[in-house]
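Undergrad: Quick note, the sequences are listed as chains C and S, same order. Residue 1 is where the first sequence starts when you use my numbering, and the numbers rise one by one after that. Residue 1 is where the second sequence starts when you use my numbering, and the numbers rise one by one after that.
A hint or two may mislead.
In silico DSS-like links for lysine-lysine, alpha-carbon gap of 30 Å or less [stated by the list, open to error]:
hint, chain 1, residue 1, chain 2, residue 2
1, C, K175, S, K7
2, S, K53, C, K53
3, C, K7, S, K7
Keep in mind that the hints were calculated from the coordinates and are not lab data.
Protein chains: 2
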Amino acid sequence: MGKESGKGFVVWFTGLPASGKSTLAESTARALREAGRRVEVLDGDEVRTHLCKGLGFTREGRDTNIRRIGFVAHLLARNGIVAIAAAISPYRAIRDENRALIGDFVEVFVECPLEECKRRDPKGLYKKALAGELPQFTGVSDPYEPPLMPEVVVRTAVETVEQSTARILGAIRAKGYVG
Amino acid sequence: MGKESGKGFVVWFTGLPASGKSTLAESTARALREAGRRVEVLDGDEVRTHLCKGLGFTREGRDTNIRRIGFVAHLLARNGIVAIAAAISPYRAIRDENRALIGDFVEVFVECPLEECKRRDPKGLYKKALAGELPQFTGVSDPYEPPLMPEVVVRTAVETVEQSTARILGAIRAKGYVG
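Chain C on its own, in the form it takes in the complex (with noise of 0.2 Å):
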């Protein structure tokens, strides 16, 4: 299983609701497992299920939300794991944090004008947000801070998923982590 073997590390992807993260670190995570790696996609709606039941909107709750999803990546991470974070993660200050933690890191800002994530909206809760029923929805009713220095940003509006694919890839073999 020599394929298997390797350094793990993080993928963190961040950006507002609907702006693709999920589909991306999907797509994603097939092409490094077709390369040999072994990799766990962390989603932040299920992780919230499984270590945050109960934790709200706030950005206290949205904080510990985002630093135990840091903390289990950087468990995979260290045990040769591809671990892929997709949460909206809108504060800067934690997705550093987990970076710090974590060292080998690679930030994907999804970046979708909101204007384009309202319309594709496939759970309809930007509609909610709108009309007032969710109180604390980033974009809307809540803050987004997008990454100052990411190690790449793909721009779902523009690309294509294979082409944003590709150059999140690109990003992860320029820092070595697969040949």
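Given the structure of chain C, go ahead and fit chain S onto it with the hints provided.
TA: Coordinates of chain S only, in the frame set by chain C:
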């Protein structure tokens, strides 16, 4: 790195406070690393800090803590890592829930008479509990439910660490997880 490959599994240490769980978790981890496996030790106290801050020691708080350790152990094991959990985990139902989730599960009952645990009391917690200062302390003011069919029982009042570790490794081998 062929030596590092292999199927992931979980070794779950349960027992009273001061029964010897952490010591045996570490000695087992050392032996498995020497056998070429990747091993992560999830210690109950450490996990509480990172994943369960603010959870109390009520039945519900404890159950959530143990479920979270189980979830993280599950993520590690399904990626080929040996996850070793050392946590009082007093309630049988939640340990069995984790066993069902994880599948590849070796339960180690660290058996030690309460009187001997009280005598050891490395953190002085029994003393506090007996003085009425810790209202929910397992073994004194909170219940402990021993496993009915653990893979192995070690008796730390009468066995050396080496003897107990050898028996734990025997149980792991008997399940075919290491050669």
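Undergrad: All hints, please: hold or fail.
TA: Hint-by-hint comparison with the structure:
1. K175(C) x K7(S): holds, 29 Å
2. K53(S) x K53(C): Satisfied, since the Cα-Cα distance of roughly 12 Å is no more than 30 Å.
3. K7(C) x K7(S): Holds: K7(C) and K7(S) sit about 18 Å apart, inside 30 Å.
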